[in-house]
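The whole structure should be built from the sequences, with the hints applied where relevant.
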Amino acid sequence: MISALWVMVGISLLLGAVLGYSAIKFKVEGNPLVEKIDAVLPQTQCGQCGFPGCKPYAEAIAKGEADINKCPPGGEDGIRKLAELLGVDYKPFGEGAGPKAKAVAFIDEQTCIGCTLCLQACPVDAIAGAAKQMHTIIASECTGCELCVAPCPVDCISMVGLPESIQTWKWPYPVYALAQPQTPTREMPKS
Amino acid sequence: MRTLDHFHGGIHPAEHKLESSELPSRIAPLPSLLILPLHQHIGAGAKVQVQAGDHVLKGQLLASAQGMVSAAIHAPTSGTVTAVQPHTVPHPSQLPGLCVHIEPDGKDQWIDHAPLEYRAIPKSELLAKLREAGIVGLGGATFPTHVKYSLATDQRIQTLVINGAECEPWITTDDRLMRERAAEIVRGIEVLRHLAEPAETLIGIEDNKPQAIAAMRAACAGSDIEIVTIPTLYPSGGEKQLIKILTGKEVPSGGRPTGIGVACSNVATAYAIHRFVDHGEPLISRQMTVTGNVRTPQNIEVLIGTPLEELVRLAEPLPGATGYILGGPMMGVHIDDLRLPVVKGSNCIIVKSAKLFPPAEPAMPCIRCARCAAACPADLQPQELHWFSKARDFGKTQEYSLFDCIECGACAYVCPSHIPLVQYFRFAKSEIWQRERETQAAEIARERHEFRMERIEREKREKAERLALKEKAATAAKPAAPIAAPVMINPDADPDDTLQMRIDAAMTRAKEQAATAQPRNTENLTPQQQAKVAEIEARRAKFSELASNAGADDESSKKS
Numbered sequence: 458m459i460s461a462l463w464v465m466v467g468i469s470l471l472l473g474a475v476l477g478y479s480a481i482k483f484k485v486e487g488n489p490l491v492e493k494i495d496a497v498l499p500q501t502q503c504g505q506c507g508f509p510g511c512k513p514y515a516e517a518i519a520k521g522e523a524d525i526n527k528c529p530p531g532g533e534d535g536i537r538k539l540a541e542l543l544g545v546d547y548k549p550f551g552e553g554a555g556p557k558a559k560a561v562a563f564i565d566e567q568t569c570i571g572c573t574l575c576l577q578a579c580p581v582d583a584i585a586g587a588a589k590q591m592h593t594i595i596a597s598e599c600t601g602c603e604l605c606v607a608p609c610p611v612d613c614i615s616m617v618g619l620p621e622s623i624q625t626w627k628w629p630y631p632v633y634a635l636a637q638p639q640t641p642t643r644e645m646p647k648s
Numbered sequence: 002m003r004t005l006d007h008f009h010g011g012i013h014p015a016e017h018k019l020e021s022s023e024l025p026s027r028i029a030p031l032p033s034l035l036i037l038p039l040h041q042h043i044g045a046g047a048k049v050q051v052q053a054g055d056h057v058l059k060g061q062l063l064a065s066a067q068g069m070v071s072a073a074i075h076a077p078t079s080g081t082v083t084a085v086q087p088h089t090v091p092h093p094s095q096l097p098g099l100c101v102h103i104e105p106d107g108k109d110q111w112i113d114h115a116p117l118e119y120r121a122i123p124k125s126e127l128l129a130k131l132r133e134a135g136i137v138g139l140g141g142a143t144f145p146t147h148v149k150y151s152l153a154t155d156q157r158i159q160t161l162v163i164n165g166a167e168c169e170p171w172i173t174t175d176d177r178l179m180r181e182r183a184a185e186i187v188r189g190i191e192v193l194r195h196l197a198e199p200a201e202t203l204i205g206i207e208d209n210k211p212q213a214i215a216a217m218r219a220a221c222a223g224s225d226i227e228i229v230t231i232p233t234l235y236p237s238g239g240e241k242q243l244i245k246i247l248t249g250k251e252v253p254s255g256g257r258p259t260g261i262g263v264a265c266s267n268v269a270t271a272y273a274i275h276r277f278v279d280h281g282e283p284l285i286s287r288q289m290t291v292t293g294n295v296r297t298p299q300n301i302e303v304l305i306g307t308p309l310e311e312l313v314r315l316a317e318p319l320p321g322a323t324g325y326i327l328g329g330p331m332m333g334v335h336i337d338d339l340r341l342p343v344v345k346g347s348n349c350i351i352v353k354s355a356k357l358f359p360p361a362e363p364a365m366p367c368i369r370c371a372r373c374a375a376a377c378p379a380d381l382q383p384q385e386l387h388w389f390s391k392a393r394d395f396g397k398t399q400e401y402s403l404f405d406c407i408e409c410g411a412c413a414y415v416c417p418s419h420i421p422l423v424q425y426f427r428f429a430k431s432e433i434w435q436r437e438r439e440t441q442a443a444e445i446a447r448e449r450h451e452f453r454m455e456r457i458e459r460e461k462r463e464k465a466e467r468l469a470l471k472e473k474a475a476t477a478a479k480p481a482a483p484i485a486a487p488v489m490i491n492p493d494a495d496p497d498d499t500l501q502m503r504i505d506a507a508m509t510r511a512k513e514q515a516a517t518a519q520p521r522n523t524e525n526l527t528p529q530q531q532a533k534v535a536e537i538e539a540r541r542a543k544f545s546e547l548a549s550n551a552g553a554d555d556e557s558s559k560k561s
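Protein chains in written order, with our numbering: chain A, 458 to 648; chain B, 2 to 561.
No lab work stands behind these hints, which were simulated from the structure alone. Glycine included, each C-beta is placed from N, C-alpha and C at the ideal position. Among the hints, erroneous ones may be present.
[To be verified] Partial chain B-side listing against chain A, Cβ under 10 Å, derived:
no.: 1; residue: Pro-14
no.: 2; residue: His-17
no.: 3; residue: Leu-19
no.: 4; residue: Val-90
no.: 5; residue: Gly-98
no.: 6; residue: Glu-311
no.: 7; residue: Arg-314
no.: 8; residue: Lys-430
no.: 9; residue: Ala-442
no.: 10; residue: Ala-443
no.: 11; residue: His-450
[Unchecked claim] Below, a list of computed lysine to any residue pairs in the SDA-like style, where the Cα atoms sit at most 25 Å apart:
no.: 12; chain 1: A; residue 1: Lys-559; chain 2: B; residue 2: Asp-394
no.: 13; chain 1: A; residue 1: Lys-627; chain 2: B; residue 2: Glu-437
no.: 14; chain 1: B; residue 1: Lys-397; chain 2: B; residue 2: Ser-431
Listed below in structure tokens is the structure:
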């Protein structure tokens, strides 16, 4: 009886030690879920979700503090991917918070006064310029987050839609008329 | 006799080759205008080197290759560059791309050019010259030839396959080329053999081209190039399919033929290489079949950039055209506008009529007969791919190897429900590419954002460090301060009190500064100026006195 007890105590101590050791040895730094969510987000860093960037939004989703339908640039596909990743139901965008067509910022260089306010607002350093020098958008790096539009004191920044080019053109979803079902002419066998 | 392998599936569509294959090919007259798109090949578009108003000679460089996978573009005749501006290009989107527009001057004057002694120069130099000459694969994919033959040091080519199969219905350019210019093609093949150093060279030709086979046999007599007659079966002219037939080797999914020791080029590419090496001419013209609803279907050697309109006119179109197909009926692009130019990849233009190309029958639901799977030359499951593409389940389409689909159209051809299967696959492919681009853009944006955050942090840290350094310098300079302070404000203060000493030092500095400062403008005045100042002061005093009196009066009046 006593020996059985000792054996059980011994086993539990041993297993406890193994678990305790592996908890220290194989400790996961940070939350891997945040990285996974962040990988799904479009990285526009636009703050339309109410968080200062994609990573903070990912962290909020991981903690369960934010809904998955707060990212308009990600589109409905983005919500679907998040829903799949988190094992929750798809949730449509709220009223008036749908995705917009892809656009890039454009600086009217006639009006720009070189105040650098937009440079400070751009989350991806896609604006070239210096104090009292004309600024310009590096269109290939612009994510279309619109964060530079509001700070401009002379309202010289506008969003310009991207025209479709041969490189970005997509084959359309095939749409064709199905043949009309014909009424059966064959007589039904009478039983 | 070589034992041939065979690929999975395949179909036998009506050939329609005799219409255009029996007339000798002719050379098109100079067109009234040439439009040369800068992006005529797979890879990066060429970089334009001319501007509007420039006079160019035949064979002069218009746009140079940029990047590794790219090819140059040359002027097909002498004339004036009228514009470098967007124009609709032969692409299924029918969207405009940047083109060089040339107005020929009619002289057709060549730039200086000379044959190339290719055996005397290193292979890398020859490849660079092919790139500069704008030589790309003319079988349809327009893959730059120099890239195909840039082999890694450990790569060995066992078999060089020359593609003369020409399996697609209606098209007869390679057939005519082999019949008429077999010796020239073999000259080009010699260059490819020099580059690839293969153990064997095979030319695969379908058995529906007996004259071409005979001509090539005659041209290859005495050399170790082997002409292999293969059974007519669509799509045996596909690169992977032809390699399977001739060598029995299968190109792995996502791989290239060079990976399994095979290089494959079209006969028209070999001919273009011959023109370059033996005559010094860059790729400025090609053979094209003009057929379908025209009086004299035929093959025409045409300058690249010629508007299709002028090309079709040479074959005298018949009334009743319902549209055009650029390429063959199985894989070609359906177009309505003939103002498009001929590009390096164009091999055929078919004029459609209601009789020759009746409108597609209405599609019906898939009945899962799997005939498409039996016909698929890539051994895929088109019915599965169709369902997943239709449901936009792109992950699943990739699991079912969507990207191994060569879009040959065999599945849609045999479909008893007339479902446009290839359209679904193209749709799914371009959606996946789009997503790939978006993921890449997001990755770049994330990197840039993280770099920016790091930079802001670094700037903050550096600023703090600078301040700390200044502070340190100030404290280091401190012992000198009390000596410079002769006046102690508080003589009772402890001389070791640093705050007091600092205040003293500051006071001293302020005094010194006051002493060295410029004299104020009220000092060192002349007597007249002093008198004037006194007068003004007096007036000011008077006014203030009056004002205060008036205020008092107001207040007194209010009180009363």
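Exercise for the section: Enumerate the violated hints, using their earlier numbering and listing them in ascending order. Expected result: Hints 1, 2, 3, 6, 7 not satisfied by this model.
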